[in-house]
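Q: Build out the structure end to end from the sequences listed, making use of the hints.
Here the protein sequences line up with chains A, B, C and D, keeping their order.
At position 20 of the first sequence the residue is numbered 20 (the working numbering), and the sequence of numbers has no breaks.
At position 93 of the second sequence the residue is numbered 93 (the working numbering), and the sequence of numbers has no breaks.
At position 86 of the third sequence the residue is numbered 86 (the working numbering), and the sequence of numbers has no breaks.
At position 210 of the fourth sequence the residue is numbered 210 (the working numbering), and the sequence of numbers has no breaks.
Worth double-checking, as some hints may not be accurate.
In this list, chains with the same sequence are indistinguishable; a pair is considered to hold if it fits within one copy or across any two.
In silico lysine-lysine, DSBU-like type, Cα no more than 35 Å apart, as pairs [to be verified]:
| hint | residue 1 | residue 2 |
| --- | --- | --- |
| 1 | K209 | K14 |
| 2 | K209 | K173 |
| 3 | K209 | K33 |
| 4 | K221 | K14 |
| 5 | K207 | K114 |
These are calculated hints, taken from the structure and not from any lab test.
Fair warning: this is a prediction, and the values are worked out from it, not measured in the lab.
Protein chains: 4
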Amino acid sequence: MPSPLILVNLKSYKEGTGSRAHMIAQAAELVAKESGVTIGIAPTYIDLHPIAHHFAIPVYAQHVDGVEPGAHTGHITADALRAAGAAGSLVNHSERRLTLADIDASIQALQAQKLSAVVCTNNEAASAAAAALAPEYVAIEPPELIGSGVSVSKANPEIIKRSVATVHAVNPKVRVLTGAGIQSGECVRIAVDLGTDGVLLASSVVKAKDPALVLRDLVSKL
Amino acid sequence: MPSPLILVNLKSYKEGTGSRAHMIAQAAELVAKESGVTIGIAPTYIDLHPIAHHFAIPVYAQHVDGVEPGAHTGHITADALRAAGAAGSLVNHSERRLTLADIDASIQALQAQKLSAVVCTNNEAASAAAAALAPEYVAIEPPELIGSGVSVSKANPEIIKRSVATVHAVNPKVRVLTGAGIQSGECVRIAVDLGTDGVLLASSVVKAKDPALVLRDLVSKL
Amino acid sequence: MPSPLILVNLKSYKEGTGSRAHMIAQAAELVAKESGVTIGIAPTYIDLHPIAHHFAIPVYAQHVDGVEPGAHTGHITADALRAAGAAGSLVNHSERRLTLADIDASIQALQAQKLSAVVCTNNEAASAAAAALAPEYVAIEPPELIGSGVSVSKANPEIIKRSVATVHAVNPKVRVLTGAGIQSGECVRIAVDLGTDGVLLASSVVKAKDPALVLRDLVSKL
Amino acid sequence: MPSPLILVNLKSYKEGTGSRAHMIAQAAELVAKESGVTIGIAPTYIDLHPIAHHFAIPVYAQHVDGVEPGAHTGHITADALRAAGAAGSLVNHSERRLTLADIDASIQALQAQKLSAVVCTNNEAASAAAAALAPEYVAIEPPELIGSGVSVSKANPEIIKRSVATVHAVNPKVRVLTGAGIQSGECVRIAVDLGTDGVLLASSVVKAKDPALVLRDLVSKL
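A: Set out below in structure tokens:
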């Protein structure tokens with residue numbers, strides 16, 4: 001069984017761009033090495049290339065357009081992500097929703113480049129739908145928990161359990177991330193015990209004074 | 001086993017609005033009565049209410065917004081569709097793509113009003129994803145056939161067969177429509193033989209001089 | 001100088017659809033006749049046709065797609081609006097934002113049918129931009145006032161004054177509506193004194209137990 | 001009077017990413033130095049930072065989101081562009097259309113970082129609207145000429161002349177680029193003679209075997 005994935009979305013946070021992105025990547029690399037847990041980060045497009053080359057951690061884009069290289073202005077292709085050293089991309093994050101056809105196209109484009117797709121979803125039905133598209137991961141973000149400060153594992157463990165069951169009923173190969181409500185190592189432990197393969201989180205790491213400290217706590221119960 | 005559904009999308013065609021919409025509805029009612037086949041039409045929002053009240057055929061909206069009644073300008077709610085006498089709505093048509101979250105919300109909103117959702121999809125994977133959301137129908141529109149004049153049944157029967165199998169593997173209760181490439185009664189026959197529960201079509205009926213004639217041909221081999 | 005326009009957006013409010021839409025239209029017709037003030041309403045697409053035919057008040061759509069009749073599913077054309085008896089349409093309401101190219105196309109499509117465009121904007125610069133597209137009306141909706149219960153005329157008269165000046169500097173023929181923060185006849189009076197040609201409002205009329213009473217108050221100081 | 005601007009949009013072309021982006025930047029720097037003409041390039045987000053740091057030419061993003069740094073996934077902020085060394089950004093390119101409100105927000109966000117906004121528009125009215133938002137540049141892309149191989153200057157000089165006049169009537173400080181139909185140095189010469197301040201172009205440089213050769217031709221008649 002592979003290590004759970006702790007995936008840190010740096011979003012467009014001031015505290016997650018430029019030198020801070022490098023500092024968080026360094027902390028992730030350090031704690032991953034100490035703990036044996038896989039820690040990935042999803043920086044902005046601009047920080048992606050240097051971070052993917054300087055650190056031995058999986059680096060994800062925050063979004064990808066499911067188009068071939070060509071006459072597309074302001075787009076980001078899977079081809080460009082692979083060339084930049086990415087391991088994969090978030091797809092359909094709640095802050096960057098896509099049409100069903102575009103989610104499918106993004107997954108196809110990523111997989112054609114041997115990159116992983118992490119499709120974000122907002123409930124059990126959407127998670128099952130995403131699973132039918134056969135991405136590597138589905139990350140469940142119940143809207144009532146996004147940025148709420150409430151732990152998904154404690155507040156609503158049933159939605160996680162049911163989503164894992166539904167996703168696996170559709171496609172048992174798709175791994176599931178708990179995508180909201182992760183505050184601490186105990187949350188991560190509960191998320192894994194509920195059957196998910198890791199967590200997707202953002203501000204608690206990105207805005208931390210000492211990201212390594214937070215990351216160490218997050219992996220502490222695994 | 002219920003009758004196949006012949007669903008005619010009137011789009012925004014000049015030949016499908018106003019008095020022409022009524023004429024097509026009348027033809028649909030007539031041919032449905034003669035043949036025993038269910039024929040539905042999807043007129044514009046403006047024609048929906050009068051047609052649903054004057055004709056004994058199922059009337060579908062072309063789009064619905066998955067929101068509750070409230071402060072939404074330029075939206076169309078499932079609640080309003082039910083009050084207007086609709087039987088359901090198209091969702092995610094190729095000319096009106098929605099996010100995955102909105103497709104799910106539209107289906108939920110329709111079903112809460114006891115209306116049917118006909119979710120349009122562009123390939124096998126998207127059809128499976130749509131099926132996971134448990135709409136009443138999935139209508140498969142392979143992009144290479146939309147408006148092409150080529151019959152889906154003849155040109156690419158495999159995509160239909162595989163999509164039916166994939167949809168039913170995810171949710172056996174979801175019915176499948178062949179949503180492109182339907183030119184004649186023979187096409188409808190082949191579509192049904194390939195395992196679909198009917199067809200979604202548009203211009204060949206809407207632009208016909210005599211829609212009843214075309215509809216009679218479409219149901220002739222059932 | 002023409003009468004100011006009181007334009008009531010019924011949105012998708014439960015209290016603004018079906019029989020309630022007719023009741024509000026009747027109240028608008030009554031108060032318009034009593035006062036000599038022009039009162040228009042913008043009902044849902046479904047209510048638009050019957051209301052435009054039963055009442056002698058200008059009826060607006062809440063949105064229009066700037067496309068020709070044709071293969072557009074779930075769209076609403078200016079052609080269909082004209083056939084339904086509409087006087088015009090809202091364009092780019094804050095709940096239905098459009099691209100710049102689509103705003104322009106919508107205005108062109110409306111004007112080709114001799115219908116009026118009421119383009120909603122969120123600030124002074126956007127109002128000037130909208131004016132450059134030469135619609136009949138620009139309705140200014142400062143986001144901080146939408147649904148706030150604060151009167152725009154009292155809270156922020158300067159933004160209205162400056163927007164009127166900016167709009168007229170770009171195109172003196174474009175009329176301006178105060179599109180948020182209208183609670184009472186006094187607000188309407190101030191809006192007009194600030195140089196606008198009327199108001200666009202919604203919930204205070206739509207949700208009123210007695211819409212005629214509210215409308216009488218709104219026109220009372222003109 | 002400043003030099004005209006030759007702005008090369010590298011889009012997502014395979015021939016405009018990675019080492020090819022660097023090669024084109026080098027050619028631009030060389031020809032700019034030889035000729036004294038300002039040549040800018042708009043690479044993908046991923047190539048933007050290294051190119052802005054290695055070459056003494058203005059580098060533009062292909063798109064920017066008009067939001068502050070924060071919880072925005074898959075977005076690109078003006079703040080991040082400035083940190084990466086960009087000189088500005090394209091806004092509302094025909095392949096990446098924005099709402100009017102977002103165009104305005106993008107311009108504001110860029111200017112708050114002392115970056116230049118190049119707003120693309122599709123016709124005379126939209127150009128006037130864009131000018132009202134006071135960007136540094138408006139780039140006119142008549143849709144009938146995009147990628148057509150027809151020179152805008154020859155085919156339709158009137159639309160350019162009228163657009164320049166309309167833009168300057170709204171805001172005389174806004175500079176205008178001819179944004180489609182540029183094939184050669186003669187086209188650039190005509191574009192400038194028609195009153196524009198430069199050109200925006202893409203494939204003819206990006207797909208050239210020898211971009212320096214093409215760039216030399218483009219500046220040859222200035």
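Q: Return the numbers of the hints above that this structure violates; sort them in rising order.
A: Hint check: 2 fails alone, others pass.
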